[in-house]
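Trainee: Chain residues, written in single-letter form:
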Amino acid sequence: MASVITTDKLTKRFGAFIAASELTFEVGKGEIFGFLGANGAGKTTAMRMLCGLSTPSSGKASVAGFDVYTQTEKIKRRIGYMSQKFSLYDDLTVTENIRFYAGIYGMSRPAIKTKTTQLLEELQLQQEAKTLVKELPLGWKQKLAFSVSIVHDPDIVFLDEPTGGVDPVTRRQFWDLIYAAADRGVTIFVTTHYMDEAEYCNRVSIMVDGIIAALDSPARLKEKYAAANMEDVFYQLARNAQRKAD
Amino acid sequence: MRQLLTFIRKEFLHVFRDRKTLLMLFGLPIAQIVLFGFALSNEIKDSRIAVVDYSKDPVTTHIISKIAASDYFDIQRSLASADQLQTAFKKGNIKLAVIFPSGFGDDLMHTGNATMQVIADASDPNQATTITNYMNQIINDYNAELAKDAHQPMQIVPELQMLYNPELRGAPNFVPGVMALVLMLVCTMMTSVAIVKEKELGTMEILLVSPFKPIYIIIAKLAPNLLISVLNLFIILLLSYLFLDLPVKGSLLLLVTCSILFILTSLSIGLLLSISAKTQQAAMMGSLMGMMLPTMLLTGFLFPIENMPLALQVLSNIVPSRWYFIIVKRVMLKGLGLTSVWKEMSILSGMCLLLFAISLRKFKIRLQ
Numbered sequence: 061m062a063s064v065i066t067t068d069k070l071t072k073r074f075g076a077f078i079a080a081s082e083l084t085f086e087v088g089k090g091e092i093f094g095f096l097g098a099n100g101a102g103k104t105t106a107m108r109m110l111c112g113l114s115t116p117s118s119g120k121a122s123v124a125g126f127d128v129y130t131q132t133e134k135i136k137r138r139i140g141y142m143s144q145k146f147s148l149y150d151d152l153t154v155t156e157n158i159r160f161y162a163g164i165y166g167m168s169r170p171a172i173k174t175k176t177t178q179l180l181e182e183l184q185l186q187q188e189a190k191t192l193v194k195e196l197p198l199g200w201k202q203k204l205a206f207s208v209s210i211v212h213d214p215d216i217v218f219l220d221e222p223t224g225g226v227d228p229v230t231r232r233q234f235w236d237l238i239y240a241a242a243d244r245g246v247t248i249f250v251t252t253h254y255m256d257e258a259e260y261c262n263r264v265s266i267m268v269d270g271i272i273a274a275l276d277s278p279a280r281l282k283e284k285y286a287a288a289n290m291e292d293v294f295y296q297l298a299r300n301a302q303r304k305a306d
Numbered sequence: 343m344r345q346l347l348t349f350i351r352k353e354f355l356h357v358f359r360d361r362k363t364l365l366m367l368f369g370l371p372i373a374q375i376v377l378f379g380f381a382l383s384n385e386i387k388d389s390r391i392a393v394v395d396y397s398k399d400p401v402t403t404h405i406i407s408k409i410a411a412s413d414y415f416d417i418q419r420s421l422a423s424a425d426q427l428q429t430a431f432k433k434g435n436i437k438l439a440v441i442f443p444s445g446f447g448d449d450l451m452h453t454g455n456a457t458m459q460v461i462a463d464a465s466d467p468n469q470a471t472t473i474t475n476y477m478n479q480i481i482n483d484y485n486a487e488l489a490k491d492a493h494q495p496m497q498i499v500p501e502l503q504m505l506y507n508p509e510l511r512g513a514p515n516f517v518p519g520v521m522a523l524v525l526m527l528v529c530t531m532m533t534s535v536a537i538v539k540e541k542e543l544g545t546m547e548i549l550l551v552s553p554f555k556p557i558y559i560i561i562a563k564l565a566p567n568l569l570i571s572v573l574n575l576f577i578i579l580l581l582s583y584l585f586l587d588l589p590v591k592g593s594l595l596l597l598v599t600c601s602i603l604f605i606l607t608s609l610s611i612g613l614l615l616s617i618s619a620k621t622q623q624a625a626m627m628g629s630l631m632g633m634m635l636p637t638m639l640l641t642g643f644l645f646p647i648e649n650m651p652l653a654l655q656v657l658s659n660i661v662p663s664r665w666y667f668i669i670v671k672r673v674m675l676k677g678l679g680l681t682s683v684w685k686e687m688s689i690l691s692g693m694c695l696l697l698f699a700i701s702l703r704k705f706k707i708r709l710q
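So the sequence lines, in the order shown, correspond to chains A and B.
Residues in the first sequence are numbered from 61 upward in steps of one, following the working numbering.
Residues in the second sequence are numbered from 343 upward in steps of one, following the working numbering.
Hints are computed from structural coordinates only; laboratory data are not their basis.
Within a straight-line C-alpha distance of at most 25 Å, the following computed DSS-like cross-link-like pairs (lysine-lysine) qualify: (1) B/Lys555 / A/Lys145; (2) B/Lys362 / A/Lys194; (3) A/Lys175 / B/Lys555; (4) A/Lys134 / B/Lys555; (5) B/Lys539 / A/Lys201; (6) A/Lys134 / B/Lys541; (7) B/Lys541 / A/Lys145; (8) A/Lys194 / B/Lys620; (9) B/Lys539 / A/Lys145.
If we take Cβ atoms under 10 Å as the criterion, some of the chain A residues that face chain B in the derived model are: (10) Lys136; (11) Ile139; (12) Tyr161; (13) Gly163; (14) Gly166.
Just so it is clear, the structure is predicted and the values come from calculations on it, not from any experiment.
Note that CB positions come from ideal geometry on N, CA and C, so glycine has one too.
With the rest of the complex left out, here is chain A (with noise of 0.2 Å):
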C-alpha cells in the first residue's frame, strides 16, 4: 500500500515544551487512521503540523508527496479539513456552502455545478439546496460539512473531532460516509474521543504526553493490553499521562 503520509521523528517545540516528540509513522493510500490522545497531548499541534499550518521544529514528514517544511502551498491543494464546529456558514444556504468551498480551492463553475448536484443528491439534500444552513439539524449539517471538506477530491482528509455533540445513530451514518470516501481512495486521517469510533478504523495511534504510545490496528492493539475494547486499551495508556488538558 502506497503511504500518503510518512513522518520520521517530527517534533514540535514551543520553548522547552515538547509538544509533539519524535513522531514517526505512516499513513496508507484509503486508510482509516485513527489519531487517539487525552487533551493535551499533541494531537491537535501533529495535525497542524501535517497540514501546512505549523513549521516543525525538527524531523521530517510528507503529506500526499509532499514537504511539510517547503512545499505546504501544494499540500494545502491536496487536503481536506473539517474540524469539530463544522465550519458552515450558517446564514448561506446548502448550495452555497458547497459552491463557496469548492470556489475557493479554484473548482471551474462546472465542475463546481456538476459537483453540487451529486453532492445534494448523496446526502439526499435536494429539497434542502436552498435552506440556510442554521436550520438544519445537526446531523445533516455535520455531513454536509463533511462532503465540503471532500469538495475538491483531496488526497487525504483531516477529521478533527468529527462527531462531537450528536446522537449514536447519526454518529453511525456519518461513519458511513467515512467508508465510503476510503473505498474511493480517499486516506482519513480522524481524531477522536469516541472509543466505539476507534473501532472503525483500520489502525489507531495513540498519544500520551506528546509521544505516539501505541499504534496498530484496533484488533492487535485489545490482545496486546489484554482489554476487553478500545476504551479499556486507552484508558490503561492515558491513565498514566502527566500533561493535563491544555
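Since chain A is already given, all that's left is putting chain B on it; use the hints.
Mentor: Structure of chain B alone, referenced to chain A:
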C-alpha cells in the same frame, strides 16, 4: 482571481442576509444627520427677550427694530421699568433683557459714546453666551453703520461680560463631523466583526488549511464594507444638500478621493482590531469604545481642538478623523482645492499605509 471573487460574493451574501445590520448601517448616517443637523443644533433661535427703553429716541427705536428683525430674538414685551425685569427673569419668560438708559441718543450724538445694558439669564451659561453674542453682533452692525455716515466717531458700548465663542457652530460643522464618525464606525466595526466571526465559527481554520491566500481573505472582507461606506458617503452628501442646504462647494472628485482614503484607513483599524479581539462582542466593544469616543471628542466637531489642553491637542494628531474633518471642511464648505488639503491627505495616506502594513503583518503572524 476566481477564488477571490467567490469569496467576495460570499461576503456580500453575508451582508445582504443580515437585514437588521444592513438597516442599521444605512439608518445610522440618516439618524446622525437628522440629529446633528436639526435636533442638536446649538444655534438658538427666537429667544424671548425684553426691552426697557428709558430714552425712546430715534437711535433706540432703530436699534430695537433691528433686534426685532433678527431671527435670533423675539421681543416678548417692552417694559416701562427695569424693576419688572426681575419677575420676568424669575418666571423664565425671557432669556435676555436690553436696557437703554435715558438720554441714550443724546449721549451718542453729543459725546460720541453711549452705554447700554445687556442682561442675560445665565442659568444655562452656554445659551447665555450664545445669545449675548448675537446681541453684540447686532450692536456692532449698528456701530459700523454709524461710522459710515457720521462726521465724528460715535460708538455704543454694550455693557456685557462675555466669553469668546470662536464660531457659532451649526450644521456646517456637524456634517463633516458626522461623515467622519459614520465612516469610521461602520468601517472599523463591520470589518473587525466580520473577521472575528470567521474565527468564532471555526471557518477561519478551514480557510487557512485551504490554498486560499490570507491577503485574499482581507481583501474579500474589506470589499463590501468599502462599498457600503461609499454609499453611506453619498447618502450623507445628498441629505445635507437637500435638507441642510449644504452643497459640496469644492470638487466632488477630490472629496470622494479623500473619503476613500479615510475609509481605507478606518478599514485598516478594523483589521487591526479583529486580530486582537477573540469574540464578536469584544470586537464590537473595541470599535465602539476605542473608536467612537476619540472620534467624537478629538476630531474637533464637538469641541474645538484649539481649546483643549496641550496633551489632548497632541493626542488628537493620531486620530485619523481629525485630518479627514479638516479636509471635508475645506473642500465641502469652503470650496478649496487640492493645494490646501494635500498636507492632510499625505498624513492620512501615511496612517493608512502604516496601519495596513501592521495589520497585514500581524494577521500573517497569527496564522503561524
